[in-house]
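With chain X held as given, fit chain Z onto it using these hints.
One letter stands for each residue in the lines below.
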Amino acid sequence: GESVGLHLPTLSVQEGDNSIINCAYSNSASDYFIWYKQESGKGPQFIIDIRSNMDKRQGQRVTVLLNKTVKHLSLQIAATQPGDSAVYFCAEKPGGYNKLIFGAGTRLAVHP
Amino acid sequence: DVKVTQSSRYLVKRTGEKVFLECVQDMDHENMFWYRQDPGLGLRLIYFSYDVKMKEKGDIPEGYSVSREKKERFSLILESASTNQTSMYLCASSFRTGRDSPLHFGNGTRLTVT
Numbered sequence: 334g335e336s337v338g339l340h341l342p343t344l345s346v347q348e349g350d351n352s353i354i355n356c357a358y359s360n361s362a363s364d365y366f367i368w369y370k371q372e373s374g375k376g377p378q379f380i381i382d383i384r385s386n387m388d389k390r391q392g393q394r395v396t397v398l399l400n401k402t403v404k405h406l407s408l409q410i411a412a413t414q415p416g417d418s419a420v421y422f423c424a425e426k427p428g429g430y431n432k433l434i435f436g437a438g439t440r441l442a443v444h445p
Numbered sequence: 035d036v037k038v039t040q041s042s043r044y045l046v047k048r049t050g051e052k053v054f055l056e057c058v059q060d061m062d063h064e065n066m067f068w069y070r071q072d073p074g075l076g077l078r079l080i081y082f083s084y085d086v087k088m089k090e091k092g093d094i095p096e097g098y099s100v101s102r103e104k105k106e107r108f109s110l111i112l113e114s115a116s117t118n119q120t121s122m123y124l125c126a127s128s129f130r131t132g133r134d135s136p137l138h139f140g141n142g143t144r145l146t147v148t
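Chains X and Z, in that order, give the protein sequences. Start counting the first sequence at 334; every next residue gets the next number (this note's numbering). Start counting the second sequence at 35; every next residue gets the next number (this note's numbering).
It should be emphasised that the hints constitute simulated quantities derived from the structure, not laboratory data. We treat Cβ as the ideally placed atom computed from N, Cα and C, and that holds for glycine. Please note: incorrect hints may appear among the correct ones.
[Unchecked claim] Listed next, the stretches of chain Z that the computed footprint assigns to chain X, with coverage defined by at least 3 CB atoms under 8 Å from CB atoms of chain X:
1) 73-79
2) 140-146
[To be verified] Calculated from the model, a selection of chain X residues having no Cβ within reach of chain Z, i.e. all distances over 10 Å:
3) Ser-345
4) Ile-367
5) Arg-384
6) His-405
7) Ala-412
8) Ser-418
9) Ala-424
So here's chain X without its partners, still in its complex pose:
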């Protein structure tokens, strides 16, 4: 079927390596950020979020880093597994609004 991931940048990694997916966000007034994972044929799945008063937040095998100075967000996945293969989106929420602005996404391809 049609892929949401057409025309997206792709990050290829070996199974077991660490992955870093980057996102440049657009609005300096954004105060809340989210990473989503979307597997083929499914809706986006929440992974981890971070508020602007933090620089780093860790979850299970994932870490999000926020650099407000350069408006940059990254998602680090430790010991990448084949099940991590998906399209990853960042999203930002400008302060005072409840609407999210989504990034275009990055495809993560994990090779055995």
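Structure of chain Z alone, referenced to chain X:
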């Protein structure tokens, strides 16, 4: 776990038909959203709702309307389907305005208009 359920995974409709896409969430979320997702265009917001019987236009509301008669249910309506409305439609929900919380998405409805 939050569950957002979209009634159909796949729909095929003819041009000019009236189409209803249904979405139900089970977490008592105040906010509900409808997005469409197209290759190369990402996620685009069609409509959203902060409460029962309330609705707000998103970025691409033309050709669509919505209905929220109950808190848990948010319907997207295509009054007269056109081929350019062929897309993946995603419903999402979240807690109320003023409280940072992620959107939780359903698995989408892939609509084809022929």
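Going through the hints against the structure:
Interface restraint, the region 73-79 of chain Z with chain X: holds (5 residues with C-beta to C-beta distance below 8 Å; minimum three). Coverage of a stretch by a chain is defined here by at least three residues with a beta carbon nearer than 8 Å to that chain's beta carbons; for the region 140-146 of chain Z and chain X the count is 4, and the condition holds. Remark: the non-interface label on Ser-345/X is consistent with the geometry, its nearest Cβ contact in chain Z lying 20 Å away (cut-off 10 Å). The Cβ of Ile-367/X sits about 5 Å from the closest Cβ of chain Z, inside the 10 Å cut-off, so the non-interface label is violated.
With a minimum CB-CB distance of about 6 Å to chain Z, Arg-384/X fails to clear the 10 Å threshold, and the non-interface call is violated. The Cβ of His-405/X sits about 19 Å from the closest Cβ of chain Z, beyond the 10 Å cut-off, so the non-interface label holds. Taking the minimum C-beta to C-beta distance to chain Z, about 24 Å, the non-interface status of Ala-412/X holds against the 10 Å cut. Every CB of chain Z is more than 10 Å from the CB of Ser-418/X (nearest about 18 Å), matching its label as outside the interface.
Listed as a non-interface residue, Ala-424/X fails to keep its Cβ farther than 10 Å from every Cβ of chain Z; the least gap is roughly 8 Å.
In terms of the numbered hints stated before, the structure departs from hints 4, 5, 9, listed from lowest to highest.
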